[in-house]
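Visitor: Residue numbers (the working numbering), protein chains in the order written: chain A, 1 to 115; chain B, 1001 to 1110.
Just so you know, the hints here were simulated from the structure itself, not pulled from any lab data.
A couple of the hints might just be wrong.
[As the list claims (entries may be wrong)] Straight-line alpha carbon distances no greater than 30 Å define the calculated BS3-like cross-link-like pairs of lysine-lysine that follow:
1. A/K70 - B/K1042
2. A/K9 - A/K70
3. A/K9 - B/K1045
4. B/K1045 - B/K1002
5. B/K1002 - B/K1042
6. B/K1002 - A/K70
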Amino acid sequence: NAGVTQTPKFRVLKTGQSMTLLCAQDMNHEYMYWYRQDPGMGLRLIHYSVGEGTTAKGEVPDGYNVSRLKKQNFLLGLESAAPSQTSVYFCASSYPVAGGPETQYFGPGTRLLVL
Amino acid sequence: RKEVEQDPGPFNVPEGATVAFNCTYSNSASQSFFWYRQDCRKEPKLLMSVYSSGNEDGRFTAQLNRASQYISLLIRDSKLSDSATYLCVVTSGGSYIPTFGRGTSLIVHP
């Protein structure tokens, strides 16, 4: 049981390049989330999904797109990377309890540097 | 006003000390409360859930005060390994989105 895994662990991009971050979970969780974490800013929600085939915007969605084609995978895309997207990206998953999410399980993070 | 507020610290305490953090939340409809721990450059991990009756796990005690809308975390007999950032998380009924505080930094020194 691997929990939540993220690929890649670290990436350097040039401004304008594109890339996709992959998040996979093997816990059969309904909910999945993408966060970014910057110094002094805490965790900020980019996009989330409450089930296969559904996605929704979070607090800071601009410049990112997501897809949830399979229940176990949640992809985060950067179409044209900008230096402001330099950050640590965390994926998380959870299951619903009484209409809301229970404990979140986080992946180890992806460190992205955009030059 | 942020939905979930924490004192960023750092709280700098000696080994063996007792330290307490508070976290205030603004949404009176909040129904789920958690404390997460995050080590430097690592992912957040659940430390403990916070129930209306309180919750104790070894040296850690979490309490909820709905009337004043805050939760607390008490750490007794601090260890060097307790050094980390502690994140308060609150979820409102019917919401899919947990709200994270920015975290409180704890440094335990010899």
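Visitor: Can you name, in rising order, the numbers of the hints this structure does not satisfy?
Guide: 6
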